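Trainee: Spelled out, the chains give:
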Amino acid sequence: MDKLVIADRHFTSRLLIGTGKFSSSEVMVEAIEASGAEIVTVALRRVDITNQNDDMLAAIDRSKYLLLPNTSGARTADEAIRLSRLARAATGINWVKLEVTPDPYYLLPDPVETLKAAEILVKEGFVVLPYINADPILSKKLQDVGTATVMPLASPIGSNQGLKTRDALEIIIEQANVPVIVDAGLGLPSHAAEAMEIGADAVLVNTAIATAADPAKMSEAFKFAVIAGRTAYLSGAAAESKKASASSPLTGFLRDE
Amino acid sequence: MTITTKHPDIKKILADRGLDGSGREIWQKRLAETTRAEVEWALSRPPGYYVLDRLLILISPAAENFIEQMAQLAHQLTLQRFGRTVRLYAPLYLSNFCVNDCVYCGFNKSHKFPRIRLTIEQSLAEADIIAKEGFKDLLLVSSEDKDFIGVDYLAELASILRQKFSSLAVEIYQMATEEYTKLFAAGIEGVTLYQETYDRDTYCKYHPAGPKADYDYRLSAPEAIAQAGMREIGIGALLGLSDWRLETLALAEHAHYLMKHYWQSRVSFSFPRLRPAKDVDRSQFSLLSDKNLVQMILALRLCFADAGMTISTREPAHLRDHLVKLGITRMSAGSKTNPGGYSGSTGSVEQFEIDDKRTPAQIAAMLKSQGLEPVWKDWDSAFAKS
Chain E
7 MDKLVIADRH FTSRLLIGTG KFSSSEVMVE AIEASGAEIV TVALRRVDIT
57 NQNDDMLAAI DRSKYLLLPN TSGARTADEA IRLSRLARAA TGINWVKLEV
107 TPDPYYLLPD PVETLKAAEI LVKEGFVVLP YINADPILSK KLQDVGTATV
157 MPLASPIGSN QGLKTRDALE IIIEQANVPV IVDAGLGLPS HAAEAMEIGA
207 DAVLVNTAIA TAADPAKMSE AFKFAVIAGR TAYLSGAAAE SKKASASSPL
257 TGFLRDE
Chain B
142 MTITTKHPDI KKILADRGLD GSGREIWQKR LAETTRAEVE WALSRPPGYY
192 VLDRLLILIS PAAENFIEQM AQLAHQLTLQ RFGRTVRLYA PLYLSNFCVN
242 DCVYCGFNKS HKFPRIRLTI EQSLAEADII AKEGFKDLLL VSSEDKDFIG
292 VDYLAELASI LRQKFSSLAV EIYQMATEEY TKLFAAGIEG VTLYQETYDR
342 DTYCKYHPAG PKADYDYRLS APEAIAQAGM REIGIGALLG LSDWRLETLA
392 LAEHAHYLMK HYWQSRVSFS FPRLRPAKDV DRSQFSLLSD KNLVQMILAL
442 RLCFADAGMT ISTREPAHLR DHLVKLGITR MSAGSKTNPG GYSGSTGSVE
492 QFEIDDKRTP AQIAAMLKSQ GLEPVWKDWD SAFAKS
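In order, the protein sequences belong to chains E and B. Counting the first sequence from 1 gives a position; the working numbering is that position plus 6. Counting the second sequence from 1 gives a position; the working numbering is that position plus 141.
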């Protein structure tokens, strides 16, 4: 059975869902259910993590989904570490999606601060899933300090532009010793399928689902796309070539002998 | 890490472009001559693309005929960048004592009325009422009453309020970087401060006396705020003092400058239109229409995809109900603009009359009915050092 394994936990679904930008908690829950996802990420800034009755937290059934807190909004390693500790103290969850984004507009991740925070959090016993730019060397360094995955972006978060970083993603996937989860920028199911086809272990989607006219339906579409992409990857797709190669202009004469 | 880059001067940038009022006629002529073809070009640019000329075209009279198209694009862009959400906040007025003489303001020092300043205890009591309504995002507001509402007062208040609110910001008189740094350390993460008007002559006319009379000093405020490490810088022009189109151009250049040079602080826009206030004669102002206001909001959204955009209870309910689909990302609700207004204990004079008097619960219900999630909390006090 083809399972996604992160820090010794097994998951059937390879689609992770983000919870921002939904029109209501009810719509969010429907979308999560339709996606078949088992991991759901929640921004610590958006919820009151110390309050069990928080609207968004209460809406997510913790017996069905692994709640993955994220440090969205942190500008430095210190802030991300502080938020992670607070979340663990309040919930007992020691998984964290590490996001350090000092630029408030494109929300691109800071490689220096992310690596610094990851090293400290891993030492403190956290299961760290870092959001990074599609940088193969950073990806290796994060694995060296013990992160459970790497989560490179496909294009800037919320941009729906698809796999703009494809070449770098392929190197990261080729070199990875941990699951590679493509995060950010996947605007259509076909983008998610493409990420899976090139060998990503999973994808994370939020904006494309939350801002669709029918989020639950779009969520389902992503579910199928991820399955299709993964199946294609496992099936050993035929090699692609830009040109037809029927003739042998240089060696064709050999056949005449 | 020390930042060693030397920044150009915003004062010089505005002067060079004639956006401090010195190029008024040239800009007005250019605006009047904008053509339909230019508007079509501006609309075809990628969403969020900013150059001054594109903004100028989008706010021109010629673009008024394209307002529905602009609205469609702005709606899509806001939906993509911010989702189906609107943040809610409440203002807490601390004092209406003032040393300034701003002609348009109800708190003008020359106006005769019983002045009120809240003690820390009174402010906390007001904040309790606001918190009970569900707010997590609080804006502390004060007139220029430095002797009473000083840095120490604000820092002390903030350090207590942090337990109850996830996000604290101030909209107060201008301070120096060191003072902003103290506020940031106490848990205040945003500052809103309007230039009021970017037109130098108009500025001098409406700010005849007090510390606020210095145009250049006022213009330096957002940088001081950014240098203190504040996360959110709210800027705006008080609409009604000068030609709104020229104000929009200057405001955008100011925002663009801050975004480039202080890239870790998020710039947000506010759109305060002048409101009736006690003892203020409004006949002297050039108030802008709903259509103009909408055009301004749409044009700025199309040029700045990720800027926060705030609309307060100054604006009427029917307009606010539409604006949440046209680029606005944050709104106040149930506001009182007089110190002690929430408990009703002081009966004090308000800075201006609010228009949308609906309760926070009614505003939340209105948003839900439009398929928007009212967001009470979008920050956490854990970001700040304790």
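Check each hint, because a few of them may be wrong.
Claimed, not checked - On the chain E side, residues computed to face chain B include the following (Cβ under 10 angstroms): (1) Lys27; (2) Ala49; (3) Asp54; (4) Asp61; (5) Ala64; (6) Glu85; (7) Arg88; (8) Arg91; (9) Pro108; (10) Ser165; (11) Thr213; (12) Phe230.
The hints are simulated quantities; they were obtained by calculation from the structure and are not laboratory data. The structure displayed is predicted, hence computed values, not measured ones. Using N, Cα and C, we set each Cβ at its ideal position, and we do this for glycine too.
Trainee: All the hints need checking, so say for each whether the structure fits it.
Mentor: Cross-check of the supplied hints:
1. Lys27: holds (2 angstroms)
2. Ala49: OK, holds: E:Ala49 within 10 angstroms of chain B, min 8 angstroms.
3. Asp54: holds (6 angstroms)
4. Asp61: Holds. Min distance 9 angstroms.
5. Ala64: violated (14 angstroms)
6. Glu85: Hint holds; E:Glu85 Cβ to chain B Cβ min 5 angstroms, cut 10 angstroms.
7. Arg88: holds (6 angstroms)
8. Arg91: Given a least distance of 9 angstroms, the restraint on E:Arg91 holds.
9. Pro108: holds (5 angstroms)
10. Ser165: Cβ of E:Ser165 sits 8 angstroms from chain B, so the hint holds.
11. Thr213: holds (7 angstroms)
12. Phe230: violated (23 angstroms)
Violation of the numbered hints given earlier is confined to hints 5 and 12; the remaining hints are satisfied by the structure.
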